[in-house]
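There are 2 protein chains.
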Amino acid sequence: MNIPQSSFPRVVIIGGGFAGLSLAKSLCRKEVQVVLIDKHNYHTFQPLLYQVSTGGLEPDSIAYPIRKVLQGFPDFYFRLAEVEQVDPEKKTIVTSIGPLEYDSLVIAAGTETNFFGNTSLEENSMAMKTIPQSLNLRSLILQNFENALLTDDLHKRDALMNFVIVGGGPTGVELAGALAEIKKGILPKDYPDLDTRRAQINLVQGASRLLPAMSEQASKKAEDFLEDLGVHVWKGLRVTEYDGWTAKTNDKTQFETAALIWAAGVKGVRLEGLTQASCQGKGGRLKVDTFNQVEGYQDIYAIGDIAEMSSEELPYGHPMMAQPALQQGRHLGKNLVAKLEGKAMKPFVYNDKGSMATIGRNKAVVDLPKFRFQGIFAWYVWMFVHLYFLIGFRNRVVVFINWVYNYIRFDREARLIIRPFQKGYPKELYDSQSD
Amino acid sequence: MNIPQSSFPRVVIIGGGFAGLSLAKSLCRKEVQVVLIDKHNYHTFQPLLYQVSTGGLEPDSIAYPIRKVLQGFPDFYFRLAEVEQVDPEKKTIVTSIGPLEYDSLVIAAGTETNFFGNTSLEENSMAMKTIPQSLNLRSLILQNFENALLTDDLHKRDALMNFVIVGGGPTGVELAGALAEIKKGILPKDYPDLDTRRAQINLVQGASRLLPAMSEQASKKAEDFLEDLGVHVWKGLRVTEYDGWTAKTNDKTQFETAALIWAAGVKGVRLEGLTQASCQGKGGRLKVDTFNQVEGYQDIYAIGDIAEMSSEELPYGHPMMAQPALQQGRHLGKNLVAKLEGKAMKPFVYNDKGSMATIGRNKAVVDLPKFRFQGIFAWYVWMFVHLYFLIGFRNRVVVFINWVYNYIRFDREARLIIRPFQKGYPKELYDSQSD
Numbered sequence: 001m002n003i004p005q006s007s008f009p010r011v012v013i014i015g016g017g018f019a020g021l022s023l024a025k026s027l028c029r030k031e032v033q034v035v036l037i038d039k040h041n042y043h044t045f046q047p048l049l050y051q052v053s054t055g056g057l058e059p060d061s062i063a064y065p066i067r068k069v070l071q072g073f074p075d076f077y078f079r080l081a082e083v084e085q086v087d088p089e090k091k092t093i094v095t096s097i098g099p100l101e102y103d104s105l106v107i108a109a110g111t112e113t114n115f116f117g118n119t120s121l122e123e124n125s126m127a128m129k130t131i132p133q134s135l136n137l138r139s140l141i142l143q144n145f146e147n148a149l150l151t152d153d154l155h156k157r158d159a160l161m162n163f164v165i166v167g168g169g170p171t172g173v174e175l176a177g178a179l180a181e182i183k184k185g186i187l188p189k190d191y192p193d194l195d196t197r198r199a200q201i202n203l204v205q206g207a208s209r210l211l212p213a214m215s216e217q218a219s220k221k222a223e224d225f226l227e228d229l230g231v232h233v234w235k236g237l238r239v240t241e242y243d244g245w246t247a248k249t250n251d252k253t254q255f256e257t258a259a260l261i262w263a264a265g266v267k268g269v270r271l272e273g274l275t276q277a278s279c280q281g282k283g284g285r286l287k288v289d290t291f292n293q294v295e296g297y298q299d300i301y302a303i304g305d306i307a308e309m310s311s312e313e314l315p316y317g318h319p320m321m322a323q324p325a326l327q328q329g330r331h332l333g334k335n336l337v338a339k340l341e342g343k344a345m346k347p348f349v350y351n352d353k354g355s356m357a358t359i360g361r362n363k364a365v366v367d368l369p370k371f372r373f374q375g376i377f378a379w380y381v382w383m384f385v386h387l388y389f390l391i392g393f394r395n396r397v398v399v400f401i402n403w404v405y406n407y408i409r410f411d412r413e414a415r416l417i418i419r420p421f422q423k424g425y426p427k428e429l430y431d432s433q434s435d
Numbered sequence: 001m002n003i004p005q006s007s008f009p010r011v012v013i014i015g016g017g018f019a020g021l022s023l024a025k026s027l028c029r030k031e032v033q034v035v036l037i038d039k040h041n042y043h044t045f046q047p048l049l050y051q052v053s054t055g056g057l058e059p060d061s062i063a064y065p066i067r068k069v070l071q072g073f074p075d076f077y078f079r080l081a082e083v084e085q086v087d088p089e090k091k092t093i094v095t096s097i098g099p100l101e102y103d104s105l106v107i108a109a110g111t112e113t114n115f116f117g118n119t120s121l122e123e124n125s126m127a128m129k130t131i132p133q134s135l136n137l138r139s140l141i142l143q144n145f146e147n148a149l150l151t152d153d154l155h156k157r158d159a160l161m162n163f164v165i166v167g168g169g170p171t172g173v174e175l176a177g178a179l180a181e182i183k184k185g186i187l188p189k190d191y192p193d194l195d196t197r198r199a200q201i202n203l204v205q206g207a208s209r210l211l212p213a214m215s216e217q218a219s220k221k222a223e224d225f226l227e228d229l230g231v232h233v234w235k236g237l238r239v240t241e242y243d244g245w246t247a248k249t250n251d252k253t254q255f256e257t258a259a260l261i262w263a264a265g266v267k268g269v270r271l272e273g274l275t276q277a278s279c280q281g282k283g284g285r286l287k288v289d290t291f292n293q294v295e296g297y298q299d300i301y302a303i304g305d306i307a308e309m310s311s312e313e314l315p316y317g318h319p320m321m322a323q324p325a326l327q328q329g330r331h332l333g334k335n336l337v338a339k340l341e342g343k344a345m346k347p348f349v350y351n352d353k354g355s356m357a358t359i360g361r362n363k364a365v366v367d368l369p370k371f372r373f374q375g376i377f378a379w380y381v382w383m384f385v386h387l388y389f390l391i392g393f394r395n396r397v398v399v400f401i402n403w404v405y406n407y408i409r410f411d412r413e414a415r416l417i418i419r420p421f422q423k424g425y426p427k428e429l430y431d432s433q434s435d
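Residue numbers (this note's numbering), protein chains in the order written: chain P, 1 to 435; chain D, 1 to 435.
The set of hints was computed from the structure by calculation and includes no laboratory data.
Here are the simulated lysine-lysine pairs, BS3-like style, with alpha carbons at most 30 Å apart:
id: 1; chain 1: P; residue 1: Lys68; chain 2: D; residue 2: Lys423
id: 2; chain 1: D; residue 1: Lys282; chain 2: D; residue 2: Lys25
id: 3; chain 1: D; residue 1: Lys129; chain 2: P; residue 2: Lys68
id: 4; chain 1: D; residue 1: Lys184; chain 2: P; residue 2: Lys68
id: 5; chain 1: D; residue 1: Lys423; chain 2: P; residue 2: Lys423
id: 6; chain 1: P; residue 1: Lys129; chain 2: D; residue 2: Lys68
id: 7; chain 1: P; residue 1: Lys184; chain 2: D; residue 2: Lys30
id: 8; chain 1: D; residue 1: Lys353; chain 2: D; residue 2: Lys282
id: 9; chain 1: P; residue 1: Lys423; chain 2: P; residue 2: Lys184
id: 10; chain 1: P; residue 1: Lys267; chain 2: P; residue 2: Lys220
id: 11; chain 1: D; residue 1: Lys68; chain 2: P; residue 2: Lys189
id: 12; chain 1: P; residue 1: Lys235; chain 2: P; residue 2: Lys423
id: 13; chain 1: P; residue 1: Lys346; chain 2: P; residue 2: Lys282
id: 14; chain 1: P; residue 1: Lys129; chain 2: D; residue 2: Lys423
id: 15; chain 1: P; residue 1: Lys25; chain 2: D; residue 2: Lys189
id: 16; chain 1: P; residue 1: Lys189; chain 2: D; residue 2: Lys30
id: 17; chain 1: P; residue 1: Lys339; chain 2: P; residue 2: Lys287
id: 18; chain 1: D; residue 1: Lys25; chain 2: P; residue 2: Lys184
id: 19; chain 1: P; residue 1: Lys267; chain 2: P; residue 2: Lys248
id: 20; chain 1: P; residue 1: Lys248; chain 2: P; residue 2: Lys282
id: 21; chain 1: D; residue 1: Lys156; chain 2: P; residue 2: Lys68
id: 22; chain 1: P; residue 1: Lys334; chain 2: D; residue 2: Lys189
id: 23; chain 1: P; residue 1: Lys220; chain 2: P; residue 2: Lys235
id: 24; chain 1: P; residue 1: Lys156; chain 2: D; residue 2: Lys68
id: 25; chain 1: P; residue 1: Lys184; chain 2: P; residue 2: Lys156
id: 26; chain 1: P; residue 1: Lys90; chain 2: P; residue 2: Lys287
id: 27; chain 1: P; residue 1: Lys25; chain 2: D; residue 2: Lys184
id: 28; chain 1: P; residue 1: Lys334; chain 2: P; residue 2: Lys25
id: 29; chain 1: D; residue 1: Lys25; chain 2: P; residue 2: Lys189
id: 30; chain 1: P; residue 1: Lys423; chain 2: D; residue 2: Lys129
id: 31; chain 1: D; residue 1: Lys156; chain 2: D; residue 2: Lys184
Between the sequences and the hints, there should be enough to build the whole structure, so can you do that?
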């Protein structure tokens with residue numbers, strides 16, 4: 001892999017998300033060599049992927065070159081590669097561009113969509129965890145309307161204009177809201193020769209309420225907001241099968257739809273070579289102690305979404321959001337330096353800053369540790385926080401301008417089919433290879 | 001294709017470039033039904049494609065939804081389709097979504113890259129006529145540097161950092177300049193572990209000077225600018241063969257390169273069904289009279305790059321640029337209306353507004369009909385004109401902000417490999433299908 005030997009111990013970080021990058025930054029100018037590996041050459045701001053899918057933002061404004069983050073960091077190396085395996089005995093990882101030895105390994109590889117072994121769903125539904133996947137979804141949404149124009153079969157036309165989103169977490173809720181706004185503001189003008197009032201947005205949630213990680217109040221309000229926008233919210237309903245056209249559920253309800261978006265679960269990105277015991281977290285996430293050390297290993301750490309630091313109060317660890325990832329990255333950086341200096345590591349304590357979701361124009365829900373609010377002020381807070389955590393000044397300005405423009409004009413100008421999505425096309429090109 | 005019958009005659013326009021859209025606009029609220037067909041759902045601002053390839057702009061900011069242009073136009077229809085054939089006898093076109101009858105047909109399909117039948121070049125070199133192609137090139141450029149890091153073979157590493165651009169027209173010149181600026185401003189910071197001074201940019205021109213369509217003065221200055229930036233300019237040299245690694249020329253000169261960009265010729269997009277005689281323009285372009293009528297047909301017109309309105313002074317017709325396309329579109333709109341009203345059509349007269357090319361920061365060349373200038377003022381003029389002709393307010397603002405940012409920070413933040421490019425991967429996915 002052509003990484004020169006250093007006089008300092010080598011920390012290898014897998015993943016350039018919030019966790020990996022905040023760790024990398026905290027190790028700058030410390031007595032370590034750092035190698036950061038990611039399968040993309042950019043950091044993805046996942047919370048805004050749904051806006052890429054719905055034409056509100058360009059992908060380039062929520063991505064940031066990892067090499068740029070690391071510019072000027074001495075003894076830092078970035079490699080574009082996929083990690084295939086960990087060999088804890090030899091303290092080596094095996095990657096698509098060869099093996100690499102480590103002194104400390106930090107796994108910050110995040111999560112991927114979990115279809116729970118259901119192949120009909122995996123093959124026929126759309127995921128939205130990466131930029132290529134979000135662009136595929138953008139293309140499919142637009143292609144379906146173009147195709148709806150071409151058929152005289154009303155049944156088929158309705159299915160092409162029916163969107164079923166499975167999963168009532170923030171991703172599902174935000175996507176449903178964005179689609180509803182497109183239906184209202186753009187479709188009638190873009191497709192005057194199509195009865196777009198017949199377009200449907202169905203949000204299917206297995207649990208008894210939306211946004212189950214947030215307060216009851218937020219759930220209730222989010223549901224109200226969605227229904228105001230014309231979204232059909234289904235609770236206690238699970239999609240069990242989807243052949244690309246008909247979605248069956250655990251109930252008698254069925255949906256005829258040409259676009260099913262699966263946002264109903266994630267699992268830890270799987271690395272071969274770790275013991276079964278270490279991957280026993282929910283969805284195969286890595287079990288870590290309060291120092292983010294992976295169960296059973298001294299020199300392997302996990303941070304961010306892939307790490308499950310469970311406790312009595314938090315049986316499944318911290319929420320899978322930017323905040324715990326950022327805080328764990330920063331904290332582990334200090335611990336690694338302390339350990340090298342022969343000092344004791346300190347346990348991680350999560351500083352809960354709350355959580356939020358946006359539903360649409362002037363409609364958001366915010367739960368702060370001390371108080372909760374919904375509506376237009378929540379929406380401003382949501383926007384401010386998202387701009388703040390977006391990496392890069394240029395990105396912030398471009399996203400801000402898009403938002404102002406979209407707000408004033410009720411528009412989404414990135415409704416572009418740059419690369420058409422073909423169902424059943426080699427998955428490795430459209431998803432895996434590029435995701 | 002589900003286009004309703006209208007009481008007005010039907011004008012079918014193939015292509016949503018400058019020509020097709022300006023014609024469409026000029027037919028708004030006239031006594032015609034208009035059907036615009038394009039294989040993309042967006043208009044591409046081709047003059048800035050090279051900035052997408054070099055990470056200076058996001059693709060979405062130089063694309064604009066065609067449906068948005070046509071919003072509110074009564075009796076206008078857009079269809080996303082590929083036109084396969086014209087049947088002048090039946091006054092019908094055959095498309096990927098079925099046949100369509102026309103009363104008047106306007107071909108504004110533009111041009112595509114011409115490899116002059118050289119298969120080694122067609123298979124192994126990169127073209128840059130569409131957004132997907134530009135994104136492929138962006139990915140390849142960045143991937144080559146990532147791969148250069150991984151090899152100890154100096155020969156191979158040099159080839160991965162060697163860019164050969166064939167064609168000394170505006171595309172070749174602008175791309176060479178942009179690559180040279182990346183080499184200078186970004187590579188040393190992004191790749192501290194790579195000797196990026198060894199990166200080479202070679203611009204190979206068959207003719208005796210660069211920018212042959214512009215003045216001698218502009219050619220000379222462009223060459224000086226490029227050489228100041230460290231570009232190797234080769235004149236009177238033609239690349240004859242390229243196997244993906246070694247580029248052979250008509251001379252003893254050879255290049256070892258992993259990235260050959262072919263910008264040395266275009267040809268009219270081919271439509272089956274027209275007579276041989278009508279496609280006898282240079283590169284198979286359609287020969288038209290001064291009313292833009294295609295030779296041998298009464299009801300078929302061609303406008304923009306695909307139309308060759310030749311005369312004694314202009315043996316190959318007007319230059320293939322935005323201006324003639326815009327003017328022809330507008331003019332033909334008036335002529336079609338005149339014809340319907342039983343009035344005489346007027347011949348097209350080109351109002352030459354000059355031409356320009358940019359080489360880099362503060363470096364551009366401008367030929368106006370009355371005077372010529374080069375340097376920083378030309379560069380401002382170039383930027384102003386390009387912002388002016390870009391479609392969409394949001395696009396203009398986003399491009400402007402990118403330019404200001406890139407100028408102040410000497411940066412290009414869209415250096416993202418969103419979808420990796422694999423040489424030899426099914427072309428239909430990476431080019432044809434999506435281009």
